[in-house]
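**Student:** Here is what each chain is made of, one letter per residue.
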Amino acid sequence: MAFLQSAVTRAGSFTGKKGRLPYLLLLPGMLWLFTFFVLPIINLAGTSTQTPVVGGDVGQYVQTFRLANYIDAFNVARPQFARSFIYAFLATILALAISYPLAYAIAFRAGKLKNLLLVLVVAPFFTSFLLRTVAWKQILGEQGFVVPTLRSLHIIGQNTSLTASALAVVTGMTYNFLPFMTLPLYASLERIDPRTLEASNDLYANGITTFRKVTFPLSMPGVVAGTLLTFIPAAGDYVNAAILGNPNTTMIGNVIDSRFFNIVDYPTAAALSFMLMAAILILVTIYIRKSGTDELV
Amino acid sequence: MADASSSSHGDLKLTRVSKAFGDFTAVDDLTLTIPEGSFFALLGPSGCGKTTTLRMIAGLEEPTAGSIYIGDTDITTKKPYQRPVNTVFQNYALFPHLSIYENVAFGLRRRGVKDVKEQVEKVLKLVELPHLADRKPTQLSGGQQQRIALARAIVNRPALLLLDEPLGALDLKLRRQMQIELKWIQTEVGLTFVHVTHDQEEAMTMADTIAVMNEGRIEQMGSPAELYESPRTAFVANFLGQSNLIRGEVSSSDADRSVVEVHGQKIAVLKSRNTAEGKSILIGIRPEKIRITLPGDPCIGNVLTGGIVSDVSFVGVSTQYVVEMPWKQDLMVFEQNDGGTPTLRPGDPVSLSWNPPFTFGLDGSEDVNAGSEVDDPA
Chain A
1 MAFLQSAVTR AGSFTGKKGR LPYLLLLPGM LWLFTFFVLP IINLAGTSTQ TPVVGGDVGQ
61 YVQTFRLANY IDAFNVARPQ FARSFIYAFL ATILALAISY PLAYAIAFRA GKLKNLLLVL
121 VVAPFFTSFL LRTVAWKQIL GEQGFVVPTL RSLHIIGQNT SLTASALAVV TGMTYNFLPF
181 MTLPLYASLE RIDPRTLEAS NDLYANGITT FRKVTFPLSM PGVVAGTLLT FIPAAGDYVN
241 AAILGNPNTT MIGNVIDSRF FNIVDYPTAA ALSFMLMAAI LILVTIYIRK SGTDELV
Chain B
298 MADASSSSHG DLKLTRVSKA FGDFTAVDDL TLTIPEGSFF ALLGPSGCGK TTTLRMIAGL
358 EEPTAGSIYI GDTDITTKKP YQRPVNTVFQ NYALFPHLSI YENVAFGLRR RGVKDVKEQV
418 EKVLKLVELP HLADRKPTQL SGGQQQRIAL ARAIVNRPAL LLLDEPLGAL DLKLRRQMQI
478 ELKWIQTEVG LTFVHVTHDQ EEAMTMADTI AVMNEGRIEQ MGSPAELYES PRTAFVANFL
538 GQSNLIRGEV SSSDADRSVV EVHGQKIAVL KSRNTAEGKS ILIGIRPEKI RITLPGDPCI
598 GNVLTGGIVS DVSFVGVSTQ YVVEMPWKQD LMVFEQNDGG TPTLRPGDPV SLSWNPPFTF
658 GLDGSEDVNA GSEVDDPA
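So the sequence lines, in the order shown, correspond to chains A and B. Just so you know, the first sequence maps onto residues 1 to 297 in the numbering used here. Just so you know, the second sequence maps onto residues 298 to 675 in the numbering used here.
Hints in this document: simulated from the structure, not taken from any laboratory. Treat the hints with caution; some may be incorrect.
Stated by the list, open to error - Simulated crosslink set (DSSO-like; lysine-lysine; CA at most 30 angstroms straight-line):
1) 114/A x 376/B
2) 375/B x 411/B
3) 213/A x 411/B
To be verified - Where chain B lies over chain A, by a calculated footprint (3+ residues, C-beta under 8 angstroms):
4) 196-203
5) 213-226
We put the CB at the ideal spot given by N, CA and C, even for glycine.
Next up, chain B with everything else stripped away, as it sits in the complex (with noise of 0.2 angstroms):
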């Protein structure tokens, strides 16, 4: 345990891992690589066995199958204390019964390192706490409870450090802000973070790279902006942000495109940006891509024609409109206000468009409202 933090850097690779809680299959055959010095996340519905993951990773569950290995040591079936692994829990599980500096401290007391002291106070600096040291963890506030939890994790330098839902417990604007002190820390101290999440926009603030994970498995992976603009399925596409998903079928294909047909009206995708293999398929298309225009005004692009407004809510910086098509389906959609757009009231006719290359296309075997009924666990 003492050579904890001296050997074994690297990427951390997951291969082939399964947990199973008797029937219940948390994770399923997972493969994973995480790159050194980055800051991941793993991001899903709550059940999705996000948290399954990281507690392998730490060592806190045995996994049922498959191997977990940081650079070229096997840590499989090493305990939680053989690890180069340091945890930041859901609700922090600070000792209570000890001093902010005796919590940070414990890690380096345990390995056994020299220089106590100095460490504990430059991390305490860092999370710019160090007034604090001598506070026992509840005479202090959440936010400083979550630095100090922080700090105790770090001041080990691990090779790893995973963050369960470190945010979880935070109110908004406290969440805000140390989501963008997370992301400096990291910068500043240059370990990989792992950060479990089931809240989509603080994933992708402070990840490079985000593992999107539903039912045991990863859905998608890739960076925030990728993840974001292609989605690569109705999984994907609803549960980061909001997506228009309507069914249609391709009618011609070029080189570089197809032609879909969507209930009688032609739209066009790229096909880097289908994953659909058969001729059904998803078009898929984000609310704030479209903009939406009286019938008879000139609009180019992808243009859906028909839709009548059934809803306006003002939201500040942007309004959105809830369109009723034709074929009954009802698309979002967000407009700048920037005085681009006509006043629009519920019942005025409006047509649809956007650029072709926003859109993209998904599997029509795909269930549209896969991840938008997902209920915020927080």
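With the rest of the complex left out, here is chain A (with noise of 0.2 angstroms):
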């Protein structure tokens, strides 16, 4: 009976631990999380809707729950936000024009070499992004040796260069991105299976069609993941416009930036990125809905 008995409370105890264990294993992550995303997005959002001390110094702002400031804040910045969306947009489709054959190519007929070019995807990361994007600069620049080849074969006139331009910024966005793009998009080629497109093939769809009805359909998954991770960070981005545009092509990210940092507008600053998170969140849902990829995932 005892033995029993004994035996029933170490079931429970161990039940009991099993119980807890999950929220155990979730609490690092949720402190992180609280700490350094959910306080300061708090933060931030009072931050957003302060006003300036009247007659204080520079800088120093009074909670007022001021919603106005939403509205002043988007009428700076209205030409940025459109730039923003429509640069990330560009550059979004550009890295999935390039990584498409290239993941395509890597997952079905690379053969020997998958694994090598996989490491030649993910070797830009081993220099930072900014060294990257400074030599992005050098390459597009005079010295560089894609504008003489352009002009010589007349592709762009003898006076026009590339630097400081939307184009420098865009296909700068595109470069730093295409890992981002590259990698999901090989990963759900990689899974499909190749019996699946000899099936396509014996049930009379030719090559060009079986790549419309059965290989991107299934590709699917990674075209969205891949475009998410391009698109949200190339909307935030401001590196690319800082180094390689010019005053006509800033993105939201650097009107952020200067607003923060150097005229110490913090409340335009937390509104501006309160509009930028809400857009992004606003426009990728909608994009994962009509999408419709949930059940292949």
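Join the two chains, each given in its own frame, into one complex according to the hints.
**Tutor:** See the structure below:
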């Protein structure tokens, strides 16, 4: 009887431990998120509705819950908002156009070179983001090989340069976020059972139809993941615009950056940050709903 | 591709087809005719070239040499989507992003068929799964997926339906049931089925004609009964069921039978069932044909004496004996549990006898163990 009792309590304590375990495992992550995400977000929300202290110094603000800050901020940065989303959209489309054939080749045609090619895709990450962007400036600059080549081929005029332009910003972002597009695409293409492609061929679909009806739909999870991983950071990016752009190509990130650190206009910067987050969140939600990949993943 | 179903019906003819992958010859100078409307099985161990043969017929591999015809149409170099051939793939290869309905409709839509809905519904009824049309493949059990793979292929009414180990992934009970169903569906739709399998029982259950393949060549072709009763090589004798093969020398012959001396005992074999050309011969007898008797009991026909029972296993409908002969060879004997056999234990001396026409003769140069150590890859 005593034996039975102890067995029961032991079993009880065991399941008790098991019940708590998932929460214990979650704890470090939750703590981290709370400290470095939730709290700053609340803080930022507060800042976004502050107003300058009357008669105070530059950078002195008081909490007044003034929601009109958002409207003011939006009016200040309307062109930059538009530009951010247009550039991010263009960079995403370009990255997709470059990455899809690349990922397809690595997944289906690379053979023994597969691992080497994957390493090459990731290789840029061994250098810092900033350095790569500065290097991109060199490549597109007067001393690089691109401009003289394009000029001698009469693709661009003799006086046209490529740096400090919208083109440079978009190509820079395309280059910088390319691995984020390529890797998810590769992962989803690699997962496709080659026999489904053979089955499609067997069922009267030629190469193009097979791609349209089988390969591409099956790679949709990769397309969605890749475009999100490119679009989201690209929309918030300011490094490319700062290094490769000119005053007419500034993006919302540049405005937030300068409001925070140059003009010391914290409320506007905070309000802009919130609007950027909200805009991206809404766009992404619509996108995922429309692409309907949830059941494929 | 639109004319896929309208033209080129007829027998499938492979003429001197070879396929090499680098140094490895998967299929070696294969010539084969599969009559229209038949259920044909390519049977062999893994790596014998049967799947490569099937893939060449489907157009998924190109032959290194030789030609493939359906009726009078040369399809050797045609793309898979240009051939009136459909395949039921091993593990089915259903399209995971499409519903069952769209999976089945896939081939019809590519060919621009008009009454897609009607045809899909009809074939789903044939495989008894019309209620699953809106599901996705991952929501189906293995047996259901198998039937959908079959429906997706036969809905196109191909001149030829290829089945690549279609039942390999199913458990034994379901496999038995599907064997019967497949055979029934073949009779129902009247298409030519070419079935690749390593499972000799499956091939024998379903096929009208079986070609046994080994090392890229066809060892023997014929009806299941023909292959089982009159194997012409040791490989076929051992791969289809079990055989006792005993070395001997032909000592005398008359018009329709030869007498073979086997370790000092005389065995008769019909000439019509003997493929040995020289004096050296392998005598073959299936285990279930042998009667086991105590020494001194009356026995007739071909008799081998001096055996000792070395193992007895009871398997329900029959009892399987291993009998060691004086020349140290183990022979298998299956006895029906019908009360006609004495109860025997290991160590008991016995005689073996059988009706002489059951004996078959193989060429003495054959390897006694060919085809018997082939592992089941499944």
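**Student:** None of the hints should be skipped; say for each whether it holds.
**Tutor:** Results of checking the hints against the structure:
no.	hint	result
1	114/A x 376/B	holds, 27 angstroms
2	375/B x 411/B	holds, 25 angstroms
3	213/A x 411/B	holds, 19 angstroms
4	196-203	holds (count 7)
5	213-226	holds (count 5)
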